[in-house]
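Student: Below are the chains, spelled out letter by letter.
Protein chains: 2
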Amino acid sequence: SGRKVLIVYAHQEPKSLNGSLKRIAVEELSKQGCSVTVSDLYAMQFEPRATRNDIVGSLHNSEEFNYGVETWEAYKRGSLSNDVIEEQKKVQEADLLIFQFPLYWFSMPAIMKGWMDRVLVQGFAHEFPNCYDSGLLKNKLALFSFTTGGSREMYAKGGISGDIRYLLWPMQHGIMHFCGVKVLAPHICFSPEYVSEEKRKEMLIAWAQRLKTLWKEEPINCSPEWYFK
Amino acid sequence: SGRKVLIVYAHQEPKSLNGSLKRIAVEELSKQGCSVTVSDLYAMQFEPRATRNDIVGSLHNSEEFNYGVETWEAYKRGSLSNDVIEEQKKVQEADLLIFQFPLYWFSMPAIMKGWMDRVLVQGFAHEFPNCYDSGLLKNKLALFSFTTGGSREMYAKGGISGDIRYLLWPMQHGIMHFCGVKVLAPHICFSPEYVSEEKRKEMLIAWAQRLKTLWKEEPINCSPEWYFK
Chain A
1 SGRKVLIVYA HQEPKSLNGS LKRIAVEELS KQGCSVTVSD LYAMQFEPRA
51 TRNDIVGSLH NSEEFNYGVE TWEAYKRGSL SNDVIEEQKK VQEADLLIFQ
101 FPLYWFSMPA IMKGWMDRVL VQGFAHEFPN CYDSGLLKNK LALFSFTTGG
151 SREMYAKGGI SGDIRYLLWP MQHGIMHFCG VKVLAPHICF SPEYVSEEKR
201 KEMLIAWAQR LKTLWKEEPI NCSPEWYFK
Chain B
1 SGRKVLIVYA HQEPKSLNGS LKRIAVEELS KQGCSVTVSD LYAMQFEPRA
51 TRNDIVGSLH NSEEFNYGVE TWEAYKRGSL SNDVIEEQKK VQEADLLIFQ
101 FPLYWFSMPA IMKGWMDRVL VQGFAHEFPN CYDSGLLKNK LALFSFTTGG
151 SREMYAKGGI SGDIRYLLWP MQHGIMHFCG VKVLAPHICF SPEYVSEEKR
201 KEMLIAWAQR LKTLWKEEPI NCSPEWYFK
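Heads up: the sequence lines are chains A and B, in that order.
full-length UniProt numbering puts the first residue of the first sequence at 1, with every later residue one more than the last.
full-length UniProt numbering puts the first residue of the second sequence at 1, with every later residue one more than the last.
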């Protein structure tokens, strides 16, 4: 189809279910003619910490370090650190961003949160008032694909961990929607560690199946109603 | 009062409002006779990535690396990496955990998320079925104290960023409540960068005032009603 996909992937073990889900996405989307890039964060030893090192050369205000201001200024003059610039190029070219990870503490692993913190800088991904529907990454799609420790029942509406959609709010609305990215329905594999090998295979097949018709999907309506209705 | 407090602090700049809020907490709580410890994550260059390096010596299963299982096993035999053990000791001794940070993308900065991911391992902080009200860190309190970029209006119930409580769910319920920790009301300074010096001083005074009677506060009812009512 000629579409471009960036998979941001955060698992330490290629043999894990997350590793398999990533591999299947690369295979299936490539088969469709998409051009697929993977940012394998642990393999890259991606830096998650937002520090002064993200700005090459001198600071806008070296008296009082403000990460948001300094990275915005550095973006404008092209002096962000190379690893950040590389990721921004991949995002810029992509039509679809897939985030593949195991849920850690109702959110993404820190290494992936660091990717969000460092890559989606002001000027590049948003620039007030260009946020939410007019965010700078509009016309792109995002999909959060993850595995959980807790079961589907724990993450049901009356369950002990609450509706799984509650925890999607910061990631889908607070990050992606804020940057103007439209969000496809999440892809969730519940507690793969506690199911049979057979069930895990079904999970992989279901993901491959979904990817076949992914480009026909409509984004969700990323508003409080979807999450908290 | 003899109580012990751990402040987990994530800001790069001591002169920032977050730096001042942290300093005020140390001063006020020390004045009350509390023993206060600070984990200054950026100054410590705290490692946020959950990797094989967190386990000293050989693995339980070196064929297929599973971070949750390996850290659980390593905790039981005392072979987690030293930096994690140090943080666990501080948590174990504390009556109150204060998390002080600027909100990054509807959540905590990656360096602090990494502290959660790496320190609160199974066996130490929870161990099924000891989670939520019977989590292993029960009888402790936690308080999330943070600054925002967005204004109070943006984070109002009908506002563009949604009720600020929506984004507290993963941090307060998903992490702290899961470990059995009771949660005090959050302390939020809205968009300090966009208000007058006068207003910022008032923010510091308000925090100092609150700390004077902190030990008389009742925890919130950490259930969906508090967040999504």
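Hints in this document: simulated from the structure, not taken from any laboratory.
It cannot be assumed that every hint is accurate.
As the list claims (entries may be wrong) - Cross-link-like lysine-lysine pairs, in silico, DSSO-like; alpha carbons within 30 Å at most:
| id | chain 1 | residue 1 | chain 2 | residue 2 |
| --- | --- | --- | --- | --- |
| 1 | A | 138 | B | 157 |
| 2 | B | 229 | A | 157 |
| 3 | B | 31 | B | 229 |
| 4 | B | 31 | A | 15 |
| 5 | B | 76 | A | 229 |
| 6 | B | 157 | A | 182 |
| 7 | B | 157 | A | 157 |
| 8 | B | 182 | A | 229 |
| 9 | B | 15 | B | 4 |
Student: Each hint: holds or not?
Tutor: Hints, one by one, checked against the model:
1. 138(A) - 157(B): holds, 25 Å
2. 229(B) - 157(A): holds, 13 Å
3. 31(B) - 229(B): Cα-Cα ~38 Å, so violated.
4. 31(B) - 15(A): violated, 53 Å
5. 76(B) - 229(A): violated, 42 Å
6. 157(B) - 182(A): holds, 22 Å
7. 157(B) - 157(A): holds, 21 Å
8. 182(B) - 229(A): holds, 27 Å
9. 15(B) - 4(B): holds, 25 Å
Going down the numbered hints, you'll see the structure goes against 3, 4, 5, while the others check out.
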